[in-house]
Amino acid sequence: MDVVYILWQRQMKRYVRSRSRVLGAIGQPILFLLALGYGLGSVYKRAGEGNYLEFLVPGIIVQTLLFSGVFWGIQILFDKRFGFLKEMLVAPVSRFRILLGNALGWATISFLQGVFVLVISVALGFRAYNWFLLPVSLLVMVALCLALTSFGAGLASIVEDFQGFQGINNFIIFPLYFLSGALYPLTNVPTALRIASEINPLTYCVDALRYTMIHQSHFGIIKDLLVIALMVAACVAFAVNRFNRIQA
Amino acid sequence: MSRPIIEAKDVVKRFGDITAVDGISFAVSEGEIFAFLGPNGAGKSTTISMLTTMLRPTSGKLTLNGHDVTREQDAARKSFGIVFQDPALEEELTAYENMAIHAVLYHVPKKEQAKRIEELLKLVDLWERRDSYVKTYSGGMRRRLEVARGLMHHPKILFLDEPTLGLDTQTRNLLWDYVKRLSETQGMTIFFTTHYLEEAEGVADRIAIIDHGKIVATGTTPQLTKQTNTKSLEEAYLQLTGKEVRDEVSLSNNGLNVRTARRNQRLR
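As you go down the protein sequences, you meet chains A and B in turn. Here the numbering used here is used: the first residue of the first sequence is 1, the next is one more, and so on. Here the numbering used here is used: the first residue of the second sequence is 1001, the next is one more, and so on.
This is chain A alone, in the form it adopts within the complex:
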């Protein structure tokens, strides 16, 4: 337990000490929220769909977690580059515990950023329909953070350097994001787009947050939670499997 704790603590110390990182990571979602929320709000209203800002907030929270989660997972690449990974790998500690300590650290950071964004949304006028469901929303966020940091860690264990990271961003992260229904409702979209969204686990995360925050759901909360649970299990298994194979 000590090992997991000290590695978690290392990530937290790094995070707290670099304020630019804190600001940088929440700057992007806030920009999206303002630009899209206010920019498309009137069109959305005219189409008879209601308040776009409200609709958008769950999507932007998932966006925050997606980008920061995978980004933190990618920190393994930095540790590889700057050598600290070797120090951890030659220690008489199982790889699983090393991964766990680091991943919990990244997940905590990523979760905190999601919470920041939620707080800022509330300051901008967002109101959840039932605050008693907030713990469920937070739980969904925690699950998503764990899944995404694991996913990022698994990817980082495979690619050799930062050139690979650009490809991951463009061919995995952005498609996942755009096909998650974060920005538009999935009712009445073309069939191909609908199918692509339905096989994207992130869609279910957005849907679960929308259900618990603004009482709108495409799939139903039970199905959402099941898919999320499966996603967490798959991502953690992927990370453990890949991280175990790293040879430095």
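Please note that a few of the clues may not be correct.
[Claimed, not checked] Capping the alpha-carbon separation at 20 angstroms, the derived lysine to aspartate or glutamate pairs in DMTMM-like fashion look like this:
1. B:Lys1214 to B:Glu1162
2. A:Lys80 to B:Glu1162
3. A:Lys13 to B:Asp1068
4. B:Lys1226 to B:Glu1198
5. A:Lys80 to B:Glu1092
6. A:Lys80 to B:Asp1131
7. B:Lys1078 to A:Asp2
8. A:Lys80 to B:Glu1091
9. B:Lys1111 to A:Asp2
10. A:Lys13 to B:Glu1097
11. B:Lys1135 to A:Asp79
12. A:Lys13 to B:Glu1091
13. A:Lys13 to B:Glu1198
14. B:Lys1115 to A:Asp2
[As the list claims (entries may be wrong)] The calculated label-pair distances, taken between Cβ atoms and stated as ranges, are:
15. B:Gly1023 to A:Gly164: 30 to 36 angstroms
16. B:Trp1127 to A:Arg95: 29 to 35 angstroms
17. B:Asn1040 to A:Ala234: 52 to 58 angstroms
18. B:Glu1128 to A:Tyr38: 53 to 59 angstroms
19. A:Glu160 to B:His1107: 30 to 36 angstroms
20. B:Gly1187 to A:Ala234: 46 to 52 angstroms
[To be verified] Here are a few chain B residues that sit away from chain A, every Cβ distance over 10 angstroms (derived from the structure):
21. Asp1010
22. Phe1026
23. Thr1053
24. Glu1091
25. Glu1097
26. Ser1132
27. Gly1139
28. Asp1168
29. Thr1218
30. Gln1223
31. Gly1242
I should point out that these hints are in silico values taken from the structure, not numbers from a laboratory. The beta carbon of each residue, even a glycine, is placed where N, CA and C say it ideally should be.
With chain A's structure known, arrange chain B on it following the hints.
What follows is chain B alone, placed relative to chain A:
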């Protein structure tokens, strides 16, 4: 000669088509200072990586302190400390925090942690700077910190992978003084790689000359010069390894360098 604490038997490491280490065998006895001397790309770092459980050998057997390196990784890991070729420190943390992480990773008893960290940081003259971030440290300070860290769990063996690369003469001498003292006072076994002849000659009890992944000769400096009928270690070394310049590339590997080959293999 006492029982070997480091033993390699017919160890081979291939990366795809490239053979980085080609059937090496050697034994180091307890308390010995042993040097791996060879040109760039000879297989020195690959061997250290295998000995320290970071790379799995393709074939052959490695034992540390009686533990099989591939089968009993944790036991093997507890028996050595290592100073890597490139610094392996967390730069965003202080020296003290780096030491504290290491203490936990190596299960140093809680009560002893603070005492050992203080002792070691004083030994390498970094106690006054313990609360500075490592990113503010110079190359020499980082190396000293890594040596201190590598000693924290009282290892029986200390590996040093080209530890003096990029250090000035003063720091270099200081580092070797520490190392020799450790060997004398604690009977610690030291295994280091270098391509500086004077370091191998001045520090090591025995030297293995490695080239193209093979050990071409092993022995003390007098033994090596006698074997090759030469007058100095430098002459012996040049006679054994030839005079061509190495760029981590060897012709036997179709001109590919080991690091590129490793990368290609991992992407495949």
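Results for each hint:
1. B:Lys1214 to B:Glu1162: The hint holds at about 18 angstroms.
2. A:Lys80 to B:Glu1162: holds (19 angstroms)
3. A:Lys13 to B:Asp1068: Violated. Lys13 (chain A) to Asp1068 (chain B) sits at ~37 angstroms, over the 20 angstroms cutoff.
4. B:Lys1226 to B:Glu1198: With Cα atoms ~18 angstroms apart, Lys1226 (chain B) and Glu1198 (chain B) stay inside 20 angstroms; holds.
5. A:Lys80 to B:Glu1092: holds (15 angstroms)
6. A:Lys80 to B:Asp1131: violated (25 angstroms)
7. B:Lys1078 to A:Asp2: Judged against 20 angstroms, a Cα distance of about 17 angstroms means the pair holds.
8. A:Lys80 to B:Glu1091: holds (13 angstroms)
9. B:Lys1111 to A:Asp2: holds (14 angstroms)
10. A:Lys13 to B:Glu1097: Roughly 10 angstroms between the alpha carbons, so the hint for Lys13 (chain A) and Glu1097 (chain B) holds.
11. B:Lys1135 to A:Asp79: holds (14 angstroms)
12. A:Lys13 to B:Glu1091: holds (12 angstroms)
13. A:Lys13 to B:Glu1198: violated (43 angstroms)
14. B:Lys1115 to A:Asp2: Roughly 19 angstroms between the alpha carbons, so the hint for Lys1115 (chain B) and Asp2 (chain A) holds.
15. B:Gly1023 to A:Gly164: 30 to 36 angstroms: Holds, since Gly1023 (chain B) and Gly164 (chain A) (Cβ atoms, about 34 angstroms apart) stay within the stated range.
16. B:Trp1127 to A:Arg95: 29 to 35 angstroms: Holds: the Cβ-Cβ distance is about 33 angstroms, inside 29 to 35 angstroms.
17. B:Asn1040 to A:Ala234: 52 to 58 angstroms: Distance hint for Asn1040 (chain B), Ala234 (chain A) is violated at roughly 43 angstroms.
18. B:Glu1128 to A:Tyr38: 53 to 59 angstroms: Between Glu1128 (chain B) and Tyr38 (chain A), where Cβ atoms are some 55 angstroms apart, the hint holds.
19. A:Glu160 to B:His1107: 30 to 36 angstroms: holds (32 angstroms)
20. B:Gly1187 to A:Ala234: 46 to 52 angstroms: holds (51 angstroms)
21. Asp1010: Asp1010 (chain B) clear of chain A: closest Cβ-Cβ about 20 angstroms, beyond 10 angstroms.
22. Phe1026: Nearest chain A Cβ is 21 angstroms from Phe1026 (chain B), so the label holds.
23. Thr1053: violated (6 angstroms)
24. Glu1091: violated (7 angstroms)
25. Glu1097: violated (7 angstroms)
26. Ser1132: Holds: least Cβ distance 13 angstroms, greater than 10 angstroms.
27. Gly1139: holds (13 angstroms)
28. Asp1168: holds (21 angstroms)
29. Thr1218: Per Cβ check, Thr1218 (chain B) is outside 10 angstroms of chain A; nearest 26 angstroms; holds.
30. Gln1223: The assertion about Gln1223 (chain B) holds, with a minimum of 32 angstroms to chain A.
31. Gly1242: Nearest chain A Cβ is 31 angstroms from Gly1242 (chain B), so the label holds.
The structure is inconsistent with the numbered hints 3, 6, 13, 17, 23, 24 and 25, although it conforms to all the rest.
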